[in-house]
Amino acid sequence: MGKIEAKNIIKYFQHDGKPLKAIGGVNLTVDDGEFVCIVGPSGCGKSTFLRILAGLEKPDDGEVLLDGKKLVNTGPDRIMVFQEGALFPWLTVEDNVEYGLKVAGIPENERHDISKRYLDMMQLSQFANSYTYQLSTGMKQRVAIARALVMDPDVLLMDEPFAALDSQTRDLLLVEMQMIWQKTKKTIIFVTHNVPEAAVLGSRVAVFSHRPSVVKKSLNIDYKRPRVAEDENLGKFEKEILAALRHQGPK
Amino acid sequence: MKANLFGKKIAFYVLIIIVWQGIDSAEIWPDNIFPSPIEVGEDLLYGVSDGSLFYGIATSMWRLVIGLSIAIGGGMLLGIFMARVETVNQTIGSLVLGLQSIPSVAWVPLAILWFGLSDSGIIFVTAIGAIFAVTINTYTGVKNIDPSFIEAARNMGAKGGQLVTTILIPAAFPYMISGFKQGWAFAWRGVIGAELLFSFLGLGFLLNVGRQLNDVSQVIAMMLVIMGIGILIDGFVFKKLEDKVMTKWGLR
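As they're listed, the protein sequences go chains C and Y. Using the numbering used here, the final residue of the first sequence is 276, and nothing's skipped along the way. Using the numbering used here, the final residue of the second sequence is 245, and nothing's skipped along the way.
Just so you know, the hints here were simulated from the structure itself, not pulled from any lab data. Glycine is no exception: its CB is placed at the ideal position from the N, C-alpha and C atoms. Hints may be right or wrong, so weigh each one.
Claimed, not checked - Computed footprint of chain C on chain Y; a stretch qualifies when at least three of its residues, placed anywhere within it, have a C-beta under 8 Å from a C-beta of chain C:
hint : stretch
1    : 17 to 27
2    : 42 to 50
3    : 71 to 80
4    : 152 to 161
To be verified - A few chain C residues that don't get close to chain Y, going by computed Cβ distances all over 10 Å:
hint : residue
5    : 101
6    : 138
7    : 159
8    : 194
9    : 208
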């Protein structure tokens, strides 16, 4: 299961020594198996919100529930995919993917079986013994996704994982990401500042307001999959997202 | 290219020996002040043939290895603590900087009083001369770890000791290598310096014996051996290790 609820999340940043309200009471419920994209203007605290869901940061107020249970710390039930991948350069691709399993004390042969399955799925098998410096940015993000999936988390948290990719690689991964979601039925929360990306990926898009941020609009995207970025029928969804983003008042 | 570089080096050293021999042949200084390269070479051969040279090298190396191991172990531990616990850094951190400014030989009187004229005393001087270089580099290394490495590991369930061995140490390893390299250089100076003053076996002792016997060629021969070992360990142990780590970590 993986129903995650954020209740009235409030978070202050320190700005020139003064507290600045960044997240002003975000309420968001993501049902088990939902794929929700969060978009919002830069500096609205959407990445911070994701980090709070991951338990890597504490909110100043509010709480996060996973299947009704209050979360206090970080843990492998919610795995984060970082913007730059955060792969460990001293480990091979395979060892990176197996890291969390090793930490959990899963025996070696079992680890190999699991990692092999996901390396195959992400088309990384031939790079299993490579080090990360030998990989392109797109390959690195595949490894980061594989590393998250092997943990079989209830929720997958993705923080602008495709922001640094060239457009062809991104398009490819957008399609793959939808297939992964359909295959694994994971709950996914995906932060992006890229509106077409959100429209392609999300079954729902939550638009954050400028800070102090709240969920300004929640838009269901009922459209067949796999979607591609060029699909003109997604245009009307993108327009709605953009309109919600624009009605922000002064920056 | 590589052969060319090697040739250049050989030519340089041959030139030094020729100039050296030339100065000696000019007989500006008497032989007991300025020996010829041949005399120094004879001294080395003598040391090889009666085994005293190897015994001296082995003794010094053994002390170095023990002292440096203590320094590396202790320095890593201290450095990691300083980097991860702010109170430790604020208190012990300032002391470490102060202690690092003490030259290793300045620890010798204390070591003699504490340990007597023994191996332990020399090892103490070696370890204490090297430990703070390892500490400071480890501290810098851990402080410079990409925070997302630590977050990702914690997110995947790593805690406490696991976090130290699987993330902090490997992630900071490129810095630690610099610490080991500096530590080794300090340790080598420490061993030789301590042996000179303790006068208790080893290369430093042989160097001092040369002075006591007024044997300039033995003094120079021992200095050459000390330098030679320095070049070998720097070039073959630490350079290799550093290259390997830097490549694997994708830093070059």
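Quick rundown of the hints versus the structure:
Counting residues of the stretch 17 to 27 of chain Y whose beta carbon lies closer than 8 Å to any beta carbon of chain C gives 0, which falls below the threshold of three, so the coverage claim is violated. Under the rule that three or more residues need a Cβ within less than 8 Å of chain C, the assignment of the stretch 42 to 50 of chain Y is violated, with 0 such residues. Figure legend: the stretch 71 to 80 of chain Y, annotated as covered by chain C; annotation inconsistent (0 residues with Cβ-Cβ distances under 8 Å, at least 3 required). Figure legend: the stretch 152 to 161 of chain Y, annotated as covered by chain C; annotation consistent (3 residues with Cβ-Cβ distances under 8 Å, at least 3 required).
A Cβ of chain Y approaches the Cβ of residue 101 of chain C within 10 Å, the least distance being about 5 Å, so the stated non-interface status is violated. Distance check for residue 138 of chain C against chain Y: the nearest CB is about 18 Å away, which clears 10 Å, and the non-interface claim stands. Separation of residue 159 of chain C from chain Y is inadequate, the least Cβ-Cβ distance of about 8 Å not exceeding the 10 Å criterion. Against the 10 Å criterion, residue 194 of chain C stays outside the reach of chain Y, whose nearest CB is about 20 Å from its own CB.
In this structure residue 208 of chain C is separated from chain Y by more than 10 Å, as the shortest Cβ-Cβ distance comes to about 22 Å.
Violated hints for the displayed structure, listed by number in ascending order: 1, 2, 3, 5, 7.
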